[in-house]
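Please arrange chains B and C on chain A, whose structure you already have, making use of the hints.
Protein chains in written order, with the working numbering: chain A, 2 to 539; chain B, 351 to 468; chain C, 83 to 400.
Please keep in mind that the hints were generated in silico from the structure rather than gathered at the bench. As the structure is a prediction and not an experimental result, all values here were calculated from the model. Using N, Cα and C, we set each Cβ at its ideal position, and we do this for glycine too. A portion of the hints provided could be inaccurate.
What the hints assert, rightly or not - One side only, chain A facing chain B, incomplete, derived with CB under 7 Å:
no., residue
1, S9
2, N183
3, G185
4, P186
5, Q187
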Amino acid sequence: MTVANFSSQISECAPSAQIETPDFSKTGHHLTVTVNRDQIAALTQKFFDEQFFLESLSGVDLIENFQVTYHFNRFKKTERVMVRVQVTKEDPVVPTVSHIFPSANWFEREAAEFYGMKFKDHPNPVRLILPEFSTYHPLVKGYKDEGDSAKEVQDLIELEEAIQKLISPTVGQLQTKDYFVNMGPQHPSTHGLLRLLLHMKGERILGVDPVLGYAHRADEKMAEIGNYLQFWPNTGRIDYLCAMLYNWGWANVVEKSMGIEVPERAQHIRLIVSELNRIASHLLWLGTFLLDLGAFTPFLYTFADREKIVDLLEMASGERITFVYFTFGGVLYDVDEQFVIQTRAFIKEMRDHLKDYHKLLTKNVILLKRTKDVGIISKEVARLYGATGPVARASGVDYDIRKAEPLSIYTQFEFDVPLGENGDCYDRYTVRMEEMEQSLRLVEQALDKLPEGAFQCKPAPKRIKPEAGEYYQAIEGGRGEFGIYLVSDGKDKPYRVKLRTPCFSNLSLLSEVSKGLTMPDMVAILGSLDLVIPDIDR
Amino acid sequence: MGDFTPLFIYGGLVLFVTCVMLVMTGLFAPFRTSEVKFQTYESGVQAETALFQKRFPLKHYLVALLFLVFDIEVVFLYPWAVVAKEIGSFAFFEMAFFMVALLVGFAYVWRKGGLTWD
Amino acid sequence: MDMLLVMLKIGMYAAIVIGFITVNALFLVWMERKVSAKIQLRHGPMEVGWHGTFQTFADAIKLFGKELITPVNIDKVPYLLAPMLAMFPTILIFLVIPIGENLHILDLNVGVLYIFAFSALGVLSIFMAGYGSNNKYSMLGAVRGVAQSLAYEIPLLLSILGVIMICGTLNLKGIVMAQDNVWFVLYQPLAFVIFFISTLAETNRAPFDLPEAESEIIAGFHTEYSGIRFAMFFLSEYTHMFIVSALATILFLGGWNGPFLPEPVWFLLKVYFLIFMMMWIRFTFPRIRIDQLMTLGWKILIPLALVNLLVTGIVLKL
Numbered sequence: 002m003t004v005a006n007f008s009s010q011i012s013e014c015a016p017s018a019q020i021e022t023p024d025f026s027k028t029g030h031h032l033t034v035t036v037n038r039d040q041i042a043a044l045t046q047k048f049f050d051e052q053f054f055l056e057s058l059s060g061v062d063l064i065e066n067f068q069v070t071y072h073f074n075r076f077k078k079t080e081r082v083m084v085r086v087q088v089t090k091e092d093p094v095v096p097t098v099s100h101i102f103p104s105a106n107w108f109e110r111e112a113a114e115f116y117g118m119k120f121k122d123h124p125n126p127v128r129l130i131l132p133e134f135s136t137y138h139p140l141v142k143g144y145k146d147e148g149d150s151a152k153e154v155q156d157l158i159e160l161e162e163a164i165q166k167l168i169s170p171t172v173g174q175l176q177t178k179d180y181f182v183n184m185g186p187q188h189p190s191t192h193g194l195l196r197l198l199l200h201m202k203g204e205r206i207l208g209v210d211p212v213l214g215y216a217h218r219a220d221e222k223m224a225e226i227g228n229y230l231q232f233w234p235n236t237g238r239i240d241y242l243c244a245m246l247y248n249w250g251w252a253n254v255v256e257k258s259m260g261i262e263v264p265e266r267a268q269h270i271r272l273i274v275s276e277l278n279r280i281a282s283h284l285l286w287l288g289t290f291l292l293d294l295g296a297f298t299p300f301l302y303t304f305a306d307r308e309k310i311v312d313l314l315e316m317a318s319g320e321r322i323t324f325v326y327f328t329f330g331g332v333l334y335d336v337d338e339q340f341v342i343q344t345r346a347f348i349k350e351m352r353d354h355l356k357d358y359h360k361l362l363t364k365n366v367i368l369l370k371r372t373k374d375v376g377i378i379s380k381e382v383a384r385l386y387g388a389t390g391p392v393a394r395a396s397g398v399d400y401d402i403r404k405a406e407p408l409s410i411y412t413q414f415e416f417d418v419p420l421g422e423n424g425d426c427y428d429r430y431t432v433r434m435e436e437m438e439q440s441l442r443l444v445e446q447a448l449d450k451l452p453e454g455a456f457q458c459k460p461a462p463k464r465i466k467p468e469a470g471e472y473y474q475a476i477e478g479g480r481g482e483f484g485i486y487l488v489s490d491g492k493d494k495p496y497r498v499k500l501r502t503p504c505f506s507n508l509s510l511l512s513e514v515s516k517g518l519t520m521p522d523m524v525a526i527l528g529s530l531d532l533v534i535p536d537i538d539r
Numbered sequence: 351m352g353d354f355t356p357l358f359i360y361g362g363l364v365l366f367v368t369c370v371m372l373v374m375t376g377l378f379a380p381f382r383t384s385e386v387k388f389q390t391y392e393s394g395v396q397a398e399t400a401l402f403q404k405r406f407p408l409k410h411y412l413v414a415l416l417f418l419v420f421d422i423e424v425v426f427l428y429p430w431a432v433v434a435k436e437i438g439s440f441a442f443f444e445m446a447f448f449m450v451a452l453l454v455g456f457a458y459v460w461r462k463g464g465l466t467w468d
Numbered sequence: 083m084d085m086l087l088v089m090l091k092i093g094m095y096a097a098i099v100i101g102f103i104t105v106n107a108l109f110l111v112w113m114e115r116k117v118s119a120k121i122q123l124r125h126g127p128m129e130v131g132w133h134g135t136f137q138t139f140a141d142a143i144k145l146f147g148k149e150l151i152t153p154v155n156i157d158k159v160p161y162l163l164a165p166m167l168a169m170f171p172t173i174l175i176f177l178v179i180p181i182g183e184n185l186h187i188l189d190l191n192v193g194v195l196y197i198f199a200f201s202a203l204g205v206l207s208i209f210m211a212g213y214g215s216n217n218k219y220s221m222l223g224a225v226r227g228v229a230q231s232l233a234y235e236i237p238l239l240l241s242i243l244g245v246i247m248i249c250g251t252l253n254l255k256g257i258v259m260a261q262d263n264v265w266f267v268l269y270q271p272l273a274f275v276i277f278f279i280s281t282l283a284e285t286n287r288a289p290f291d292l293p294e295a296e297s298e299i300i301a302g303f304h305t306e307y308s309g310i311r312f313a314m315f316f317l318s319e320y321t322h323m324f325i326v327s328a329l330a331t332i333l334f335l336g337g338w339n340g341p342f343l344p345e346p347v348w349f350l351l352k353v354y355f356l357i358f359m360m361m362w363i364r365f366t367f368p369r370i371r372i373d374q375l376m377t378l379g380w381k382i383l384i385p386l387a388l389v390n391l392l393v394t395g396i397v398l399k400l
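Isolated chain A, as found in the complex (with noise of 0.2 Å):
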């Protein structure tokens, strides 16, 4: 069943909706549903009966109202539908979806973070990413700060409580032999500003609760300060470990919603740096995932290999690991004949080295059985989290945004996408494997059709301002789909920059698989799931 003739089921279950088909290739939707807010929950299960997953939720001020909207697709191949929901400003409040997606949970809290939307029958209405206490929404247009009225002071206090309830449970709570422990902010396995609030008993978890927040910077509202060109800089900085990629992903949303065409030469390069990049990216994770099992050595082998691709990437862009190379319609310099040269020879010598550290660790025993049968993500789990990329790939998720919606240049290449059965931590450690050889294969065949021509778009576009409009486009990351919603207003600013970040989804599960572990499995599904701070916090 295609989406064109799911419009029928929509209007079934919400007979008011309005239904709309705009033009996939600009937008990135399918199909974009407008309903009322008591529809939409009924309209969500319908969602999920069909075997979508909820791949974005996301607040926009329209000044006058607020609109949430939910962006359902599928795995396998892409069929995005957007669903907008319009509350007013006096009574924002809208269902709750997080009971039939799970997901939801920490997008509508984000949500209603930063907005001051309210989701109603929430599970856990508390703050994710700004402080505990606090009562600003900054994503509002026209924010100010300005102190607390009268009716914040009131929601604070429920706030407080619901805090109390959650973050310090009182030791009436606790049984003599469960406590609490820290695992983050400054943590040695934790790679970054996360915290996790175990609650243990003994060397068992009974629950994990994520604090998120402490590498916030904004980057959604730094979108709508500045223009389409000042987002550059920031697009390397959200997942840094694979900066090309989240450069595309940018790229690839302005030049879809202006029409911009891109030269061969550029796609070409663009994918090949993209791909070192993820091969950058995976072996930075195949060293830390090691020392997080406690094995020292594999992370010094990692990073000489690594450095030789930012050497090469150095050589591409002039920067090593927060790239800004691309640009609207090409990318920012050529590549010279000795990058390709290079190039080749480090496939070769890449090649070599993963089959080392396949013999060094594949078969390892103690790698073995500290992975195998570790943290089970199953299909459903994925699907209900709206996990993506090499995580969802090991539960067997066939979902890789560069073959379920290809950018052009990946369809002239052969590769395939390597799946796990179990889901357990082994498996996303021989996914990942693999997707290194894949991308090499990637590398090697855009190498040897590296066309000539130009490498920017001519003439280069001069003002950057996409027609008004709703626009999502996604691109795989290096830990799986990195989405951009961008709501243009057809100024020069952008209206609304939504990123969604793989690792925020990804993290989400946490507390679903880590139950009834101990402490060990819990750093070793930390690190087979491969987090990067700045992406989930954004």
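Same frame as chain A, but now just chains B and C:
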């Protein structure tokens, strides 16, 4: 007791040396107070001030008992092992019987899940 | 006069032992850095002295100059006593280790038991440190340390019974002399493997370094220790490594026996080879999980050690 006299002397010396180390570091090392520095480390979050000395459900009781049983066994086994060559078959079978009896107990605990760590 | 001579002698030996322990620990730290560097394709310390030989001396001096941070809310007595107690047994064990036929300080007829009695004290210091620190990670580390050393004490003790049955003595010199012709590792290969694995666990070396697993519980039982107190744990850990390797050498590898070279050289060569093995293992394997560690100890090593003992007994009887 004569055999062990040097032991006590060395014991005293070791204590002396460790104390000297502590005194030396007291002389050389800086000491600056600050409230935050002396807090208990808990990943950068304010930890509870009460003493954290709780009961841990590690089946420690059972493990400790088992350890004691085996340790006693070892106490018997060591003198036996020293003279194992000289003494006759009776002592050997005696010890074999003792060990089999112990192994039955061990197998029972194993079966009951007492060795599963939680 | 006699009394004075004895005192002088003891003082001299004490200086030698403490000097050796210090130099040995410093050398082991340097060796570990160099071995890990070679395994990890890097150089390791290169600046202080030839190939960084004096780097660890510099580090030791630095540790003397570090502030002793004593957190508030601790349980004072166990917290302060723990590092001293960690040092105490390891140094005393040195007294009975025969480096050559006549190179030892104490010659006890129960040398093996003496060593085990004192090395078992090590876990006490771990538990006191973890219990006294009022830190959750320390407590977890301490509990792990106790469980682990309880579980591995038994296979350790059981595995060497075969050796004792063969040579019929608990005297370390006697055991070495019984290996003039054939090393016991050839008679008791299984026992050697069990012994080696158990010593890895007893000394908290990777892959069994759970009490101080840094990616899980920060630094485990010594999270709250700094400066020289931390150095004491460090020193005792490295001395412990030397001791268990020396014991393995005495029990299984023929002690100081060997052709051409002088006795102490052979002894130290064997010991450092075993230590090298430990380092090699540390930088090759990931860390094992606590329940798997207990399973390995209780369900695999102990039955194996008992079987080994039984087989040895039967063979000796026949």
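Okay, the hints, checked on the actual structure:
no.: 1; hint: S9; result: violated, 53 Å
no.: 2; hint: N183; result: holds, 4 Å
no.: 3; hint: G185; result: holds, 5 Å
no.: 4; hint: P186; result: holds, 5 Å
no.: 5; hint: Q187; result: holds, 4 Å
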